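Enquirer: So the sequences go chain by chain: A and B.
Numbered according to the working numbering, the first sequence spans residues -8 to 236.
Numbered according to the working numbering, the second sequence spans residues 211 to 471.
In short, the hints are calculated from the structure, not lab data.
Hints should not be assumed to be uniformly reliable.
[What the hints assert, rightly or not] Cβ-Cβ distance ranges computed for the label pairs, FRET-style:
| no. | chain 1 | residue 1 | chain 2 | residue 2 | range |
| --- | --- | --- | --- | --- | --- |
| 1 | B | 392 | A | 12 | 25 to 33 angstroms |
| 2 | B | 390 | A | -2 | 19 to 27 angstroms |
| 3 | B | 390 | A | 54 | 44 to 52 angstroms |
| 4 | B | 457 | A | 1 | 23 to 31 angstroms |
[Said to hold, decoys possible] Derived EDC-like pairs (lysine to aspartate or glutamate); straight-line CA-CA distance at most 20 angstroms:
| no. | chain 1 | residue 1 | chain 2 | residue 2 |
| --- | --- | --- | --- | --- |
| 5 | B | 237 | A | 94 |
| 6 | B | 238 | A | 96 |
| 7 | B | 466 | A | 14 |
| 8 | A | 17 | A | 0 |
As the structure is a prediction and not an experimental result, all values here were calculated from the model.
We treat Cβ as the ideally placed atom computed from N, Cα and C, and that holds for glycine.
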Amino acid sequence: MSKIIIKIENVSMKYRIYKEKIEYLKEYVLKSLKNEIKFSKIKALDSINLEIIRGDRIGIIGQNGAGKSTLLKLISGVMKPSEGTVTVSGSVAPLLELGAGFDFDFSGEDNIYLNGAILGKDKQFMEKHYNEIVEYSELDGFIKVAIKNYSSGMKMKLGFSIVAFINADILVLDEILGVGDVRFKKKSSKTIEEKIKSGATTIIVSHDLNRIKRLTEKVIWLHKGKIKMIGPTKKVVKEYLSFFE
Amino acid sequence: MKKVSIHFNNFTKYSYLLKLLVIRDIKKKYKESFLGLLWSLLSPLMHMIVLTIVFSNLFERNITNFPLYLIAGRLIFEFFSNATTRAMTSIISSATLIKKVYIPKYILTLAGVTSNFIIFCISLIDLLLVMVITGSQFSWNLLFAPIYLILLYFFVLGISYIVATLNTIFRDIQHLYGVVVMILMYISAIFYPVNILPASLQPIFTFNPVYQFIKGFRMCVYYTEPLYFNNLLYCTLIAVVSLSIGLFVFWKNQDKLIFYV
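Here chain A stands alone, though its shape is the one from the complex (with noise of 0.2 angstroms):
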């Protein structure tokens, strides 16, 4: 196994912003001929290089519109980018997004094994830690119920439990630590901040700075679309509040 697990070489991300959004093609026929199909394009990343070792904590921080999450969508695998290539050697667990192919007109037992399924998980690994993730969701006399019935704390009960057990290579958090009532919370961040200690490569999108601090060893602080800064977390983040004030 090598010790690079993502590798971003000269990536740069381009998006087209349509003065008025064209969803249809009679409009789109009709402007074009028209000659009224106006667009700007922005970059929202800027040839970035980038190396993540295995095991490495990295926060990334940045205001608004800096690229962060764009650059989550890249390593996850969401979106290619417009130039550049992004290597990942490994699976990837995006917490960022609890239950995001929840069926609502189906119980929680069959959304857990289709979540699991759209991790990349197969039928085996699902049985093994069916009962694990029940327990641990506290949900266990609603498991058979359609989760359209759930409250919205349930739901994200239920996805959170999910990702839990999902063992993936790399972590990627966007701002969400903890989810659910107040006990559930402190629940589900010790269990992050625990497969976070024990060495899963973790990339953490966050505005807490207490947190990135707290978490990271390494952070990349983004500044429209282009690397500002990268070097040891207390160093960025000293850097990044002076550059404020």
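Could you slot chain B onto chain A? The hints should help.
Expert: Same frame as chain A, now just chain B:
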């Protein structure tokens, strides 16, 4: 070669997801309807009875076993129309998912077509029922029916990838496509014999791929004279061309689709 094996590994990795998605689709379909599975068997039969009453007198001299002629054509066409229409929204309807988690997107369309194919295969019980009730002859041609069904599956899959891609980019494609399907239905000789159209209009049937499958399938279950292998070759060609174009269009656009969902 390395690329191919990566794709293959990825497919095996997500084959469990494919299975779950197919099961989900089928479960959903039967949850929605009051009579469940029974409904998908009853509906084609009822449709057949009504059309038989209305049309059989009209075409009596041309079509010997009208109920069988009709249901063979209709089941094939229904599968084509249901599967492609369902697959068309397969990407958009999973928008929240694919914006957040990576999954190979072609799985979504594949699952839509496959679940419809399974439902279609179940509804073939109706066809057998009609064959038995009308006392039609079972010929050796019947052995070719599975081949036609598999070719049909690939043909429909190809079309599905094309319409799924287009409809993700332009949402009004589904309305246009609805019209196209309706026209196709009327020119597929489902409830009338092909010879009612004059020779000058016969090319309509020659170039209608759905009709070619209906014709081939009818040769297996309806007619008893030996099979035309020309039709089998033609259908194979249609399936290969459709699937190749479909996969190409989808593959070329798949990374772009995320910006439209």
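Enquirer: Does each hint hold? Answer for all of them.
Expert: These are the hints, each one checked on the structure:
{"no.": "1", "hint": "B:392 to A:12: 25 to 33 angstroms", "verdict": "29 angstroms, holds"}
{"no.": "2", "hint": "B:390 to A:-2: 19 to 27 angstroms", "verdict": "46 angstroms, violated"}
{"no.": "3", "hint": "B:390 to A:54: 44 to 52 angstroms", "verdict": "49 angstroms, holds"}
{"no.": "4", "hint": "B:457 to A:1: 23 to 31 angstroms", "verdict": "29 angstroms, holds"}
{"no.": "5", "hint": "B:237 to A:94", "verdict": "12 angstroms, holds"}
{"no.": "6", "hint": "B:238 to A:96", "verdict": "8 angstroms, holds"}
{"no.": "7", "hint": "B:466 to A:14", "verdict": "14 angstroms, holds"}
{"no.": "8", "hint": "A:17 to A:0", "verdict": "40 angstroms, violated"}
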